[in-house]
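*Asks:* Residues per chain, in single letters:
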Amino acid sequence: MPKFVLLWTDAVIWLGLAATLGYAWQVRRQPQLAATWRKVWRDAAAMAATVLLLAFAAVALLDSLHFRRALPPLPGQAAGQVFYATRTESLLDVLLTPLVERRESTYSRPLSYLGFTRESRVVNGEPQRIHPRLEHAGAHLTDPENDWLGDLALRGALGLAGGLIAAGLLGLAALPLLRRWEPALAGLNLSAAARQVLADRTDLPWRAGVITLAVLGALTGAAVGLSTGYHVLGTDNLGNDVLYQALKSLRTAFVIGVMASVATLPFAIALGILAGWYRGWVDEVIQYVYTVLSSVPNVLLIAACVLMVQVFLDKHPELFETGAERADLKIFMLCLILGLTGWAGLCRLLRGETLKLRELDYVQAATAFGVAPLRIMRRHILPNVMHLVLINTVLDFSGLILYEAVLSYVGVGVDPSMNSFGGMINLGRDQMSRDPLIWWSFSAAFVFMVALVLAANLFADGVRDAFDPRARSLRPRWRSTSRTAAAAQTGGAGA
Amino acid sequence: MLRYTLRRLLYGFLILLGVNLATFVLFFQVNTPDDMARLNIGGKRVTPELITKWKVERGYDRPMYWNDAAAGSERLTRTIFWERSVSLFALEFGRADSESAGDIGAEVRERMAVSLKLALPVFLLQLIASTAFALGLVFFRGTRIDFWGVVLCVVMLSISALFYIVVGQYLFARVLKLVPVSGYAGGLSAVKFLVLPVLLSLASRLGAEARLYRAMLLEEIGKDYVRTARAKGLSELRVLARHVLRNAMIPILTSAGGYLPYVFLGSLVFESFFGIPGLGSYVIDAIGGQDFAIVRTMVFLGSLLYILSYILVDLAYTWVDPRVRLN
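Line by line, the protein sequences are chains A and B. Numbering-wise, this note's numbering comes out as the position in the first sequence, counting from 1, plus 40. Numbering-wise, this note's numbering comes out as the position in the second sequence, counting from 1, plus 465.
So that you can see chain A by itself, here it is in the shape it has in the complex (with noise of 0.2 angstroms):
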């Protein structure tokens, strides 16, 4: 039996999963807030980011169950006891196991059978130098130079044609769940349900949806038919699989994004709606503290705050069982800082609406029938901030990723065991400069980042413009053609 760990970061994870379950369920009984959250899928990159988001948080979830496994009983241990292992697994090791296990020497080329670099080997009684077979990549190959491009093919086209019919049954089981959502498929029979979301004949877009599963399953199954013989994305300098590293920093990013953007919301909120209520000595106070917080540039302020936190952990060697526990409490403690220094902007913006929101009519009612401050703030203004509050949540996601990269670079940064896209940046940065280049380790950190980040800001976008009408009238149009058919229009209408 292993013994299950939780994580500090597990832990944040799964609330903040049960958390967004409670506020679906939320939404469901709201039917104005159904409403708001349909206009954001009704924007059809938004549809396909959230696609990409749900695999991505899927691995993040999938890496976040962590254990340790029970090691075999030694001669002479005392019966019932257990020892475990040092190393912390979590489900999506167990997983990705084959990655995990083939390890190569050192450095080799995506989908290569052979060696990056040359090593002295003595080949028909003569030393030469050459490119060593891998230890484990294309092994099963007989005659590597004839086999090689046939066997990737038939390996990449079978892993294909599963992802493809993966994504594909994935598809028609959520086609029943969609007919109950969208007006335009109800009462119609599956295949009929069907022909209208790929003719995007629906209130949202949902074939958009469609094509991102698709493509993902493509990719996916492509990846997983060619990682049965070989490393997808190549090695790096220890030999380990980049495709393994990039989807284990995946998790560190979500933590971040997810973490320190939620831990900025109790100042925020809290700081902000008091200021703007109370106003007076209060608010005076509470802008003192956030112009000083944000007064001091803020990568200074982290690398400040990480450094004392460096020593603070170095102090209490207690606190961790494990490297794994101590990386996870450097990366709890970074995102608490990060929420610590960061909840200033949010705040100046609550306190502002909160000022507006005091004087209107069915505030002022609520105070005149007695009700008690703490009492309005909490049913009456809170309620009405919290599309501000949402925005910012999501906007700060993206934003926070990026961040993450920067301060790894820096320094401050999660620790450098933990797989994240900051530290395959800066490893890839290394090679970058070496001749011949090492690309793959760079470039797969670049494409994964970018699907994330990008598709968090397309979201993002999304649910801004649902939720701020007045953002809604600055996003480009793709389908109005030109400016004089909008300009006619408006003329018209004028007339």
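Derived by calculation from the structure, the hints in this document are not laboratory data. Careful, some of the hints might be misleading.
Stated by the list, open to error - Computed footprint of chain A on chain B, listed as stretches where at least three residues anywhere in the stretch have a Cβ under 8 angstroms from a Cβ of chain A:
id : region
1  : 524-536
2  : 605-614
3  : 623-632
4  : 718-725
5  : 740-752
Think of the CB as a built atom: it goes at the ideal place given N, C-alpha and C, for glycine as much as any other residue.
Assemble the complex: chain A is given as a structure, and chain B must be docked to it using the hints.
*Replies:* Just chain B now, with coordinates in the frame of chain A:
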């Protein structure tokens, strides 16, 4: 005007006081000099004698706030609080923690000039390039050009600055060999070292800023005075450049003003990537070497510059928009 400036300066001083106290608490109360010494010496070599020696060398062995051993005003001045916190206001930064690094003040003065050479062109060109790009998008608003322009912005802002740097350095310095890979030289030859960082810095922020400025310009474009200007028969370009841009300058300046402190502080990432000996790389080295004195000083200096630059931005408002009366 003078009264306003004075009041702002006074409030700025209060803020600086807060920053200073907060950093002092963080660096000397949350963790003690003993902890810092232990981390700085590092590893298993830590002995009480070494810690004491480390503290004496750096003056951290003094009492925190009140020195009973001294006489007269020295009771107050020969303390950690006075030497490490109060004297910052006189811009006396003292000596760095690590063995090799010397006086912080001299180092800062020397490096700030270098940082300025990189950051000032970046600041000005950034403002011009982003505004020009945003104006272009607004000019073509509602068309495919606008749509794809914004798509380009979103893609550009989704790419980490580190990618721009690594790819740019590889492409322009290693493959095309147009500029040196990294390094710095004084005088005119500094230009060839600075060109690439400046351009990459522009590229890395163009997406985010152009999109922001586009929104600010579009806010203005729906207003009545713009309709009046069009009704007068002014060309679209004239309306944009003369009327819309001028009025959008206030929000644009506010957001650009946020970067002003970095004009002096330099960019951490760009300086260290390109080996430019400015304040940014100074901080990076300090973080790497766990030099607490430098980090503390830079926090103070950073907030000082931040406060000053915000006062500058406020004064710039009156120049941009005569309607703004400061009081």
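*Asks:* Hint compliance check: list the failing hint numbers for this structure, sorted ascending.
*Replies:* Failing hints, ascending: 1 and 4.
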